[in-house]
Structures are given as C-alpha cells and as structure tokens.
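**Q** Sequence:
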Amino acid sequence: MKEQLRKEQALDYHAKGRPGKIEVIPTKDAKTQRDLSLAYSPGVAEPCKEIFRDVEEVYKYTAKGNLVGVITNGTAVLGLGNIGPEASKPVMEGKGVLFKIFSDIDVFDIEINETDPDKFIQIVLALEPTFGGINLEDIKAPECFYIEKQLRQKMKIPVMHDDQHGTAIISSAALLNALELQKKEIETAKFVISGAGAAAMSCVLLYTSLGAKPENFILFDKDGVLHASRTDLGEDRIPYTISATPEMTLASAMKNADVFLGLSVGNVVTPDMIKSMADNPIVFAMANPDPEISYEAATGARSDVIMATGRSDYPNQVNNVLGFPFIFRGALDVRATRINEAMKLAAVKALADLAKSAVPDIVNLAYNEKTISFGKNYIIPKPLDPRLLSTVAPAVALAAMESGVAKKHILDWEAYKEELNHRLGLDNQLLRVIGNKARLDPRRLVFADADNWKVLKAAQLVFDEKAAFPILLGEENKIKSLAIANGIDLEGMVIIDPRSDSQAENRKRYSKLYFDKRQRKGINEYEAEKAMTDRNYFGCMMVETGDADAMISGLTKNYPDTIRPALQIIGTEDGVKKIAGMYLLITKKGPLFLADTTVNFNPTAEEVADITALAAREVQNFNLTPRIALLSYSNFGSSNSPEAKIMSDARKLIKKRMPSLIVDGEMQASVALNPKNLQDSYPFSELVNQDVNTLIFPNLAAGNIAYNLMKEVGNADAIGPILLGLKKPVHVLQLGSSVRSIYNMALVAVIDAQMKSKSKDIEIPGKI
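Sequential numbering of the sequence shown, starting at 1, is according to UniProt numbering.
One thing to keep in mind: the hints can contain errors.
[Stated by the list, open to error] Once the Cα atoms are required to be at most 16 angstroms apart in a straight line, the calculated EDC-like pairs of lysine to aspartate or glutamate come out as: (1) K89 to E180; (2) K407 to E57; (3) K213 to E187.
No wet-lab data here; the hints were simulated from the structure. Here the structure is a predicted model, which is why all the values come from computation and not from measurement.
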C-alpha cells in the first residue's frame, strides 16, 4: 500500500501543473515593441556581429557562460539500468534542478538516442557552441570512460562524467579527514575495494593522486578479485591487479585492511569482516539504498571504526551534490577549457578543510545539533552547508588559473565570494533546513480540521517523512472514508473524535481545567463541557495538558474563531501583552518575514515595539540574524503625520530595550528592500549594507494587503500565519490553504514545539 502511494506521489509531483521540473525564463524585458526589437530583429544583429568578429564575445552577449549541458543516452540510469533516453529525462531534469538551486547554473538536459560511442561523441562535439560546460550522466561502462576521454581531449570547454568523478572527489575529502582522525598515512594505508566500475575506478585513481600506492589496493568486481592473470581488464585496471590466486575472497582480503570502499551491492560485508580489519579502520559502504554493510552493523562490530555511506539518514553521507554544482561554478567563472586533476584535487582539499572549520548555526539547526564539529561522525561537510558555494567554487577557479586552463582571471577573490553568496542568498536554503530539523526531532501534532482531504494529505506527508506524529481530530468513519476516496494511507496515525464515548473521560478532565481557567470570565460548567466537543478547544486542551505538543487549525474556520480557544486555554507567554501574527515568504532574494499581518489592527508605538521583539525572536529561532525595517509611507521623518510618528517612536523604544538589534525606520518598503536606494539617500541608516529580512507594518491592513500581493503577484512561497507570543505552539491556517502550505505550516509547528519544550524523548503516541 505504502509503496503504491509513494509511486502515486512521485508521479503526481512530476505530472501536475506544468509537466516536468524545469522551464526557461527570460532574463531581459520583452514587454514592449521596443523590447522585442532589441531581443530579436533587428537589434539582435548587433551582438551577432560582435561575436562574429570575436567569438569570445559570446560569453558577454549570451547565456553560454552559465549554461551546462547534462547529457546522457540512458544506458545506466540510477539503479534502473539501460532504460533509454526518454525514460532518463526525469533524472536529467532533476540534475538540472540541483545545478540551479545549489550553484545558480542553468541547464539544458539533452537525451541522445545513440549507443554507439563514436557517434555519441560526434553529437556532443557538435553541441560545443551552445554550452559553457558538459556534464555527462548515466552512461554505462566501459563506454563512459572512452566517451569522456575523447570529449575532454577534443572540446575546449569543461567536461566531466559526474558518475565517475563526483563520488571520487567527495569520498577523497572524507578519506583525507578519516585518515587524519585515525592517525594513518595514505601512502601506507591498505585498501580493499568492492566494485570496479566507473565510480570505483575513479575513486582509486584519485586516491592514487593523493598519495595512495597501487600495490596497496585489492579490487573486486562481479567476477572476483582483479588478479594479474585476468584477460578481461581494461588498461586503467591493470596497474591495480594483484598476483594473488583467483580464489581470494572479499573476507580474506579485508583482514588487516585499513580502508574498505564499497561501490557495489548491498550486504556483502559482515560484522566479522569488519572485526578482521586493522586497528582504527575506515569503512565507506556506499551502495544505495542498501550499503555493503549497514551503519549499525559496522559501528556495532567495533567502536574504533569511522563509517560513511551514501545515505542521508546516517552521519558522513558521501553525496555528489557536495561537488558537481560548485566544481562547474568555479570552472565556468574562469572559462576553464577543461576540468583537470588539479581542479579535482582543489575541490577535495576545500571540502576536507571546510569540515574542520566551525559550523554555522544554520547547519546545526538543520541537523538538530547544538554543535557539529570535526570528528568521526563529521568528516565531510553537510549538503545544507551554505558555505559550500563560496568555498569550493573559488578553490576550483584558482586551481584552473594556476594550472593554465583558465581563459579569464579573477583578481578580487573577496568580491568573487560575495558575488557567489548573493547568487542564491545564503539563507535561501531555509525550507530544506526547516524540513530537516523537524525530521530529526518529530513531535505530536494535532490536526483539528482532519475531515478535509488536504489536511489528511499533509498529515500523511509529514508522517511518511517522519517529521511529525499526526493526531487527527474528527469523526473516525468520515476521516477513513475520505482517506480511502483520496488514496491517503492513515496507517500509524491516531484518530480522535472529541464527541465519541471513548473520549468522555478526557472531555470531563479538559472541561474541568477549562472551567477553572475561565470561571470568572463568563464561562459556566455547562459551557465548559460543551466547548470540549469543539475540535479547536479539545485540541488546544491536548496541547495545554501535554497530551500533544502542537496544533494547527483554521482551514475551515474564521481566524478569530481559531485564535480564541488558544488565547483562552493556552494564553500568552510571560511578559507578552498581545499576540501577533507573522508570515514567512520564500522569495528569490531569500526569506522575508512580515509582521503583524493577522492580529493587531492599529497598534500603538509600544505595541509595534512588542511585535518587533516577538518577530525578532522568531527569526532568531530559524537561526537567522533579524535585520528589521519598520515600514511607513514616510522616510526618516519626511512626514510628521501621527502614523509615521508611531513607527519612528517604536524604533526608539526598541533600541532602548534591545540596543544590539538591527532595526531602523520609519521607511518606505522600496527603500528597505533596495540597498542602493538606502545607501545613496540615507547612508546614516544602520540597515545600510544589510539585507533586510523582516518587515514590520504600521497596521493590519497594510501588512495583510502587502502579504497577499507579494504571494500572488510575486509568486513567493508562503508559510503562515505563525502566531507569536503564545505559551505553547498553536498555529492557524489560512482558509483554503493548499496541501503544500499545510505541510509547511506543520513543519513550523513542530519546530516551534521543539523550541518551547525541554523534552527530547517523545514516543509515538497511542490513543489517549
């Protein structure tokens, strides 16, 4: 059942809306007749003539310098094998997505219906004028070696077969650090390799470039050990053959070995084989999804082992995304004519060194760690480390320059690193960080509107991804019928009907607590009992009593009707007079927090200061430094109106309370979000040279209108509203929220629960 659902989810993801995962977006205006005359005829003739005079001008006037071709013939796709060019296209599009989101490189995926290596080579050679680089992908061995070698020799742009070199580069960085920790030298280390395909041989060759000795390798392929009497081996394998008998087994080879590298099939290594290795062994078991030996089995066999896999759910994931986006970024930025050994080794060293430096808070947040530090469980950087782009790309670019393959030279390296950081925005990984953090410490999450298919779908997603333990409130038969009708699997989730006989004791317990809280505020015992049949009141009481950790509601109710139970039952944090509402928008410039957009109609200066303090703390909870603009139609006293003065006075109050907080205003949004405007006109502002990430609005109308305009016209992903100031996490959905919005809100609710709870040992809930 679950396998079928996963299949349906994957197919829906690729098919719904605009089919596929990528599109082409114009980078220049094309709105007026003048624009069109410049974009095409007659204006386009001018850059054509310039390029004809000097072909290097193609990098100035076209996208070639930031365009990579991801090219395959579909003969060795993932774990699917030879499935052909059409069936490989989703994978190639996915590779294009990774290039874009990690290094801002544009991609055309090219699927070629040709298995003859020489014809394939001719086709790719003919494409050279289009691209700044070529990423070969999923081409079967041994043809892939020949194809890459020929293309590298004949093309004047960088070419890399990532299946070979990506794993080699990442695992080499991990190897250097593991050897250092285990106090071993690469020159004397003894290696056993399970697998002798493209990736494994590339690893062996790169390890040799780092100092490993060919005579210290023992390699196995599907036909057994690579020994000197074999006649079926290519020239790249012959230096790594041994004189041992053909009967040598993997088990006997691993005795006293220092390093095991697996790029073969799962479960071919036993704990006893790990025990037979030398002291302080290094095990890289990278078959996917099942490694050659599981992480638990290897680390359980002996405590001195350093273990890496290709999986994301264990430490030390050898993931190609740590390499290819940044290697191509550096190569493109200096117009390298090839990706050579020096550039690969520079990437290895940059990755290895990065793992030894202090880890930024956003990475600790993403992996739910207080302090990730260099050691046996952290020998290579995490894929969500925002420093990768500005660390690896410059190292590769410099190596290209020093090795003589760069046609353009970078002179100001600090400016280059700053440019790299601004390509994507250092904070633009926030959604991935949020999801990862939620998964590492899931909480019990009440879905009060469980009689809605969108809520059930979102609940299934967070449950399947192990981000939360959903508690579904509503009539059980209705919920189950709705799930069946929409192909939603509820297995493992808790369903509670607050009105059912089975909940009589809980209703009684909750109503007594509610009556105690509200008996002098107009509520009698009968009304308290009746309130507990309402899912919002019942759900809030679950959170208040600790029967659940967080709640989201509001999909089918008005905003005030959803907030009221939370205020009455849970109440505000100590020192908080009024709650506030905030939205998080994921924009092309990075995350943007907007407050107050949902609760306070016309706040006073003191209330604006309170809202700002609450928003600043929430932004810090996402491990971001709040950089806050207090918005108005006035700029720094240009209007003496009462509305403008409220924001100006609020800033004075905030700076008295929180002198170190980066906040300024009153100011117009166009000034706050345009650093050049701010620098040119108001150089005194403390927001100069700061990327504003938090906007505080003067009233509810302005905030809500701005949020909705940015969401709809600006096409920004939205999360919220996030309620600020409640003692415990209750969050409100917008009427008609999409499945994606509900899912994102659920992740925020889980993280809020993590922040507000001291307990880390939450068990999967049973029915209460």
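**Q** Work down the list of hints and note, for each, if the structure agrees.
**A** Comparing the hints with the structure gives:
{"no.": "1", "hint": "K89 to E180", "verdict": "41 angstroms, violated"}
{"no.": "2", "hint": "K407 to E57", "verdict": "13 angstroms, holds"}
{"no.": "3", "hint": "K213 to E187", "verdict": "6 angstroms, holds"}
Hint 1 from the list above is the single one not met by this structure.
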